[in-house]
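2 protein chains.
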Amino acid sequence: MTSQDAPQQADEQIQPGAPMGAPRLVRDQGVTAPLGFRAAGIAAGIKASGADDLALVFNEGPDHTAAGVFTKNQVKAAPVLWSQQVLTTGRLRAVILNSGGANACTGPEGFGDTHRTAEAVAAALSNWGTSTGAVEVAVCSTGLIGDRLPMDKVLAGVTEIVQDMGGGLSGGTDAAYAIMTTDTVPKQAALHHPDGWNVGGMGKGAGMMAPSLATMLCVLTTDAQASAEQLDLALRRAAARTFDRLDIDGSTSTNDTVLLLSSGASQIPVGQDDLDAAVFTVCDELAAQLMADAEGVTKRVTITVAGAVMEDDALAVARTVARDSLVKTALFGSDANWGRVLAAVGISPVTIDPDRIAVTFNGSPVCRNGHGVPGARDVDLSGTDITVDIDLGLGDASASIRTTDLSHAYVEENSAYSS
Amino acid sequence: MTSQDAPQQADEQIQPGAPMGAPRLVRDQGVTAPLGFRAAGIAAGIKASGADDLALVFNEGPDHTAAGVFTKNQVKAAPVLWSQQVLTTGRLRAVILNSGGANACTGPEGFGDTHRTAEAVAAALSNWGTSTGAVEVAVCSTGLIGDRLPMDKVLAGVTEIVQDMGGGLSGGTDAAYAIMTTDTVPKQAALHHPDGWNVGGMGKGAGMMAPSLATMLCVLTTDAQASAEQLDLALRRAAARTFDRLDIDGSTSTNDTVLLLSSGASQIPVGQDDLDAAVFTVCDELAAQLMADAEGVTKRVTITVAGAVMEDDALAVARTVARDSLVKTALFGSDANWGRVLAAVGISPVTIDPDRIAVTFNGSPVCRNGHGVPGARDVDLSGTDITVDIDLGLGDASASIRTTDLSHAYVEENSAYSS
Numbered sequence: 001m002t003s004q005d006a007p008q009q010a011d012e013q014i015q016p017g018a019p020m021g022a023p024r025l026v027r028d029q030g031v032t033a034p035l036g037f038r039a040a041g042i043a044a045g046i047k048a049s050g051a052d053d054l055a056l057v058f059n060e061g062p063d064h065t066a067a068g069v070f071t072k073n074q075v076k077a078a079p080v081l082w083s084q085q086v087l088t089t090g091r092l093r094a095v096i097l098n099s100g101g102a103n104a105c106t107g108p109e110g111f112g113d114t115h116r117t118a119e120a121v122a123a124a125l126s127n128w129g130t131s132t133g134a135v136e137v138a139v140c141s142t143g144l145i146g147d148r149l150p151m152d153k154v155l156a157g158v159t160e161i162v163q164d165m166g167g168g169l170s171g172g173t174d175a176a177y178a179i180m181t182t183d184t185v186p187k188q189a190a191l192h193h194p195d196g197w198n199v200g201g202m203g204k205g206a207g208m209m210a211p212s213l214a215t216m217l218c219v220l221t222t223d224a225q226a227s228a229e230q231l232d233l234a235l236r237r238a239a240a241r242t243f244d245r246l247d248i249d250g251s252t253s254t255n256d257t258v259l260l261l262s263s264g265a266s267q268i269p270v271g272q273d274d275l276d277a278a279v280f281t282v283c284d285e286l287a288a289q290l291m292a293d294a295e296g297v298t299k300r301v302t303i304t305v306a307g308a309v310m311e312d313d314a315l316a317v318a319r320t321v322a323r324d325s326l327v328k329t330a331l332f333g334s335d336a337n338w339g340r341v342l343a344a345v346g347i348s349p350v351t352i353d354p355d356r357i358a359v360t361f362n363g364s365p366v367c368r369n370g371h372g373v374p375g376a377r378d379v380d381l382s383g384t385d386i387t388v389d390i391d392l393g394l395g396d397a398s399a400s401i402r403t404t405d406l407s408h409a410y411v412e413e414n415s416a417y418s419s
Numbered sequence: 001m002t003s004q005d006a007p008q009q010a011d012e013q014i015q016p017g018a019p020m021g022a023p024r025l026v027r028d029q030g031v032t033a034p035l036g037f038r039a040a041g042i043a044a045g046i047k048a049s050g051a052d053d054l055a056l057v058f059n060e061g062p063d064h065t066a067a068g069v070f071t072k073n074q075v076k077a078a079p080v081l082w083s084q085q086v087l088t089t090g091r092l093r094a095v096i097l098n099s100g101g102a103n104a105c106t107g108p109e110g111f112g113d114t115h116r117t118a119e120a121v122a123a124a125l126s127n128w129g130t131s132t133g134a135v136e137v138a139v140c141s142t143g144l145i146g147d148r149l150p151m152d153k154v155l156a157g158v159t160e161i162v163q164d165m166g167g168g169l170s171g172g173t174d175a176a177y178a179i180m181t182t183d184t185v186p187k188q189a190a191l192h193h194p195d196g197w198n199v200g201g202m203g204k205g206a207g208m209m210a211p212s213l214a215t216m217l218c219v220l221t222t223d224a225q226a227s228a229e230q231l232d233l234a235l236r237r238a239a240a241r242t243f244d245r246l247d248i249d250g251s252t253s254t255n256d257t258v259l260l261l262s263s264g265a266s267q268i269p270v271g272q273d274d275l276d277a278a279v280f281t282v283c284d285e286l287a288a289q290l291m292a293d294a295e296g297v298t299k300r301v302t303i304t305v306a307g308a309v310m311e312d313d314a315l316a317v318a319r320t321v322a323r324d325s326l327v328k329t330a331l332f333g334s335d336a337n338w339g340r341v342l343a344a345v346g347i348s349p350v351t352i353d354p355d356r357i358a359v360t361f362n363g364s365p366v367c368r369n370g371h372g373v374p375g376a377r378d379v380d381l382s383g384t385d386i387t388v389d390i391d392l393g394l395g396d397a398s399a400s401i402r403t404t405d406l407s408h409a410y411v412e413e414n415s416a417y418s419s
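For the record, the sequence lines run as chains B and C. Residue numbering for the first sequence follows UniProt numbering, beginning at 1 and increasing consecutively. Residue numbering for the second sequence follows UniProt numbering, beginning at 1 and increasing consecutively.
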């Protein structure tokens, strides 16, 4: 975690491999790490390639509280409209996710397809022995915008996947594989709290980092006892500081969805602060994995803005720099062209004082009081990880954005996707 | 002119080669097309390559009214700060322009360099026989941010260029060459009004289309009799509809400057409407030339948004689409991926109704009522010019933005500039 603005308790308490007594983060476990969850991933034939394309996460209970955050894009895919609606109850029993098609911009027919999918999942789970209604099933889709899904394959897949779901860790891993589109590796993380409860999660894509908007889908699970309100607070706070601060190309997909489900199966009630810290840690780890696997990435870049009057100001400046094509191409070229950083700061929607700005690249000062320092152009940016620290010299607030460079591979992979 | 929002009179009145009685636009004449102007361009040794790098535009009068518009970047180069200050008088006798260095982020020393340059021009013009003060000299610079200019070469060049300036058309063309950085051709345009007065102009760069922010510099001249207030109105109106609507990568340089000088040498007073139309036409032509020569461009793209409630809304949506990396990479790939256009519309800062959006590519419908039409993915985008027309279905206002694709050449040329 490189953000200066992360909750302090997360950095202090949570260290992978730390001795008993501290929360423990692991990277090879996902949504089935907490008690009370089953999951599966199968190839339903939605993707022409024959790769896995359908995933299910099932909450066995006893609790079924849930919360979600969704894309801020005004053009929302059918599954987003559906899942927002069913989540008004604060309750979910299952999440069905497909890759191979976004089901966005598909009109009322597309919404009908989502509805039918949720009904099929509910019917299959009811047949399996758990009485379930369609309003207890969230739906997530990812893939190309504008095409209808092959519903015969989706519905046959639903029947199959409910038979297939297992309670072990492998079910969660299968699900993490099945939601991949252009991801090269599955993304999972789990946190084991010393008090005996757990949080797990899986994710794919990120912002618009990958072709055709690379929907970010993420499902988080916990066996802690927590109300829907607790889950909602923890999820919003974590997403705001992790996924919302991962900005590959400034775009937001029509399908972005992050869900958090609680089974309460540990029978351990959790306080808000502990839940916040645990959910944040898992989201932060998934965000780091998403950045590392961004399409066309050759550099992992963290832009930190300090010295702002308010945190929102720091965030707005960091975001403007992170989205600037000229900054991103310079970083691709390992070029310490700090003037482009200053020009980007100057067009951010925040009032700044050009004569107070200081910039360091990888910890080496390149600009002080708004102009260059000797040797600025010689800073070595040839490594994969680059930190850009900007001090506005106006206040005490700070914020970080994770981004990537703008590379040939990005252009290549995004210039020929739908065709 | 492809914008639907251009002033109607411009399209109707001004046609190259039109019969006498209509304003006539020519593309091989520039700042010395109007009476009362001299110009020159020389190699002063500022550029390591030895190419021309210093230009002068001199207004012989009898009038010396002037107006300017400048970058909105809060990080402003020294010459911008200087020229803004001297233009508060509404009066200019000369403009000195250098390529080979932006003189931005150079601190008080950089501002001193600009001041000394203006003083040297004033002294040289006074020696030459025209009593001139430094406050009558605007300064423009373009090139890499962050380095001081080689002032010995600049000052020696100033002495030489004042000797060199000629009154013919070739002086204007020499100046247009000398302000080029990564431009491949000089940009000039002139309009001859049937009433006997003229407007001329030269430009370089555009927005941030070229490496290191590609400062847009433009000098316009007229021999019409016009007050500083008239010039200011005409220039602001024209820039808002031309240069401000050319958006290559969403960035704004530290040095952008557009100046308009009147000599009044035709002795013909001009009405505001005629002046507005003529200045618009020359600016529009220069903007088209700038787009066509953008670095790495393989597609010239015009995004038009109609059906908006207000023109500002249409402009905001068009700008969001024009800046979207995924739309721009799809266009580079000649890929009719209309879903990316809808997703970009959805993240614009304007309230839209997804179910009313219609989109055409090159005049062929690809999306209606927010979802695809048959054959949408087969529209031929293989040509160089692409029009994207978006109808929001909410009102009567419209606006256009000119942009380009995002190509390998863009990445290549911007990833290795300062080093």
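Don't read these hints as lab results, they were simulated from the structure. Any given hint could be a false lead.
Just a few of them, taken from the derived set where beta-carbon distance is under 10 Å, the chain C residues facing chain B [unchecked claim]:
id	residue
1	Thr-106
2	Ser-170
3	Thr-173
4	Arg-340
In silico EDC-like links for lysine to aspartate or glutamate, alpha-carbon gap of 20 Å or less [claimed, not checked]:
id	chain 1	residue 1	chain 2	residue 2
5	C	Lys-299	B	Glu-413
6	B	Lys-72	C	Asp-355
7	C	Lys-299	B	Asp-396
Quick reminder that beta carbons are idealized off the backbone N, C-alpha and C, glycines included.
Here is how each hint holds up against the structure:
Taking 10 Å as the C-beta cut-off, the interface hint given for C:Thr-106 holds, the closest approach to chain B being about 6 Å. Taking 10 Å as the C-beta cut-off, the interface hint given for C:Ser-170 is violated, the closest approach to chain B being about 34 Å. For the restraint placing C:Thr-173 at the interface with chain B, the shortest Cβ-Cβ distance is roughly 30 Å, beyond the 10 Å limit, so the hint is violated. Satisfaction of the interface hint for C:Arg-340 is found here, the shortest Cβ-Cβ separation to chain B being roughly 7 Å, below the 10 Å cut-off.
Restraint check: the Cα-Cα separation between C:Lys-299 and B:Glu-413 comes to about 18 Å, which is no more than 20 Å; the hinted pair holds. Distance restraint check for B:Lys-72 and C:Asp-355: the Cα-Cα separation of roughly 16 Å lies within the 20 Å cut-off, and the hinted pair is therefore satisfied. Of the pairs offered as hints, the one joining C:Lys-299 and B:Asp-396 is violated, with about 45 Å between alpha carbons and a cut-off of 20 Å exceeded.
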